[in-house]
Amino acid sequence: QKEVEQNSGPLSVPEGAIASLNCTYSDRGSQSFFWYRQYSGKSPELIMSIYSNGDKEDGRFTAQLNKASQYVSLLIRDSQPSDSATYLCAVTPIGNEKLTFGTGTRLTIIP
Amino acid sequence: DTAVSQTPKYLVTQMGNDKSIKCEQNLGHDTMYWYKQDSKKFLKIMFSYNNKELIINETVPNRFSPKSPDKAHLNLHINSLELGDSAVYFCASSRRTSGANVLTFGAGSRLTVL
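Taken in sequence, the protein lines are chains A and B.
Take 1 as the starting number for the first sequence in the working numbering and just add one per residue.
Take 1 as the starting number for the second sequence in the working numbering and just add one per residue.
Watch out, some of these pointers could steer you wrong.
Straight-line distance between alpha carbons at most 30 Å, and here's what the computed DSS-like set of lysine-lysine pairs gives [claimed, not checked]:
| # | chain 1 | residue 1 | chain 2 | residue 2 |
| --- | --- | --- | --- | --- |
| 1 | A | K42 | B | K40 |
| 2 | B | K41 | A | K98 |
| 3 | A | K98 | B | K44 |
| 4 | A | K98 | B | K9 |
| 5 | B | K19 | B | K36 |
| 6 | B | K9 | A | K42 |
| 7 | A | K67 | B | K44 |
| 8 | A | K98 | B | K22 |
| 9 | A | K98 | B | K36 |
| 10 | A | K42 | B | K22 |
| 11 | A | K67 | B | K36 |
| 12 | B | K67 | A | K42 |
| 13 | A | K98 | B | K67 |
Simulated from the structure, these hints should not be mistaken for laboratory data.
The shape of chain A in the complex, shown without the other chains (with noise of 0.2 Å):
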């Protein structure tokens, strides 16, 4: 079993509507989840991170954690043709140095 799992898509999601990436981890010491965006041929940056059990919102951006089923999320509100990207799932164990990646998923917004 990978140690984080996303779906690679690709995922086609309607300008303005809402795209919801998911990711599992097998690592039930995991405590730091983070989401990263990529753009083709560019470096991957953060967008997200959560550490509890819940959500946190950031402007579009929503970021779900349930440490008891080893899921995390990621919710994009009002998808602009802007949000069409990679997104990385990646997880730490706390006071750990490794960030361990998905593989990523594919997002396309279709204007």
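With chain A held as given, fit chain B onto it using these hints.
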């Protein structure tokens, strides 16, 4: 004023050659990393240094040797290059926030081995 800079951005070389990629960060971070991203976009950690000390050394062929002359620099030297080494190599540095490390990546170095 680039935060994490890598050179070169592109590298094309023949099998069997030796090459190096350099990385520098001006963020004042203590920890630096090398990640490899393959053609399927899977981003996998290779090495991590904290204040010049190696703290993560994943299962990587010993043809890959990192070197950190100071905490602002982390270089990657690769000996006897193989076709499978073709990938994008990302350098990153991290700061600690809320007990976790938040990474800032460089622009990447695309290595093509012919």
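Here is how each hint holds up against the structure:
Taking the CA atoms of K42/A and K40/B, the gap is about 14 Å. The hint holds against a cut of 30 Å. With a C-alpha separation of about 18 Å, the suggested pairing of K41/B with K98/A holds against the 30 Å cut-off. For the hint linking K98/A to K44/B, the alpha-carbon distance of about 10 Å falls within 30 Å, and the restraint holds. For the hint pairing K98/A with K9/B, the CA-to-CA distance comes to about 25 Å; that is within 30 Å, so the pair holds.
Our distance criterion of 30 Å between C-alpha atoms is met by K19/B and K36/B, whose separation comes to about 15 Å. The straight-line distance between the Cα atoms of K9/B and K42/A is roughly 11 Å, inside the 30 Å bound, and the hint therefore holds. A distance of roughly 23 Å separates the Cα atoms of K67/A and K44/B; the hinted pair therefore holds under the 30 Å criterion. Distance hint between K98/A and K22/B is fulfilled; the C-alpha atoms sit about 21 Å from each other, no more than 30 Å.
Distance check on the hinted pair: K98/A and K36/B sit about 14 Å apart at the alpha-carbon level, within 30 Å; holds. The straight-line distance between the Cα atoms of K42/A and K22/B is roughly 18 Å, inside the 30 Å bound, and the hint therefore holds. With a C-alpha separation of about 28 Å, the suggested pair K67/A and K36/B falls inside the 30 Å cut-off, and the hint holds. Under the criterion of a C-alpha separation no larger than 30 Å, the hint pairing K67/B with K42/A is consistent with the structure, at around 25 Å.
Of the supplied pair hints, the one linking K98/A and K67/B holds, its CA atoms being roughly 18 Å apart against a limit of 30 Å.
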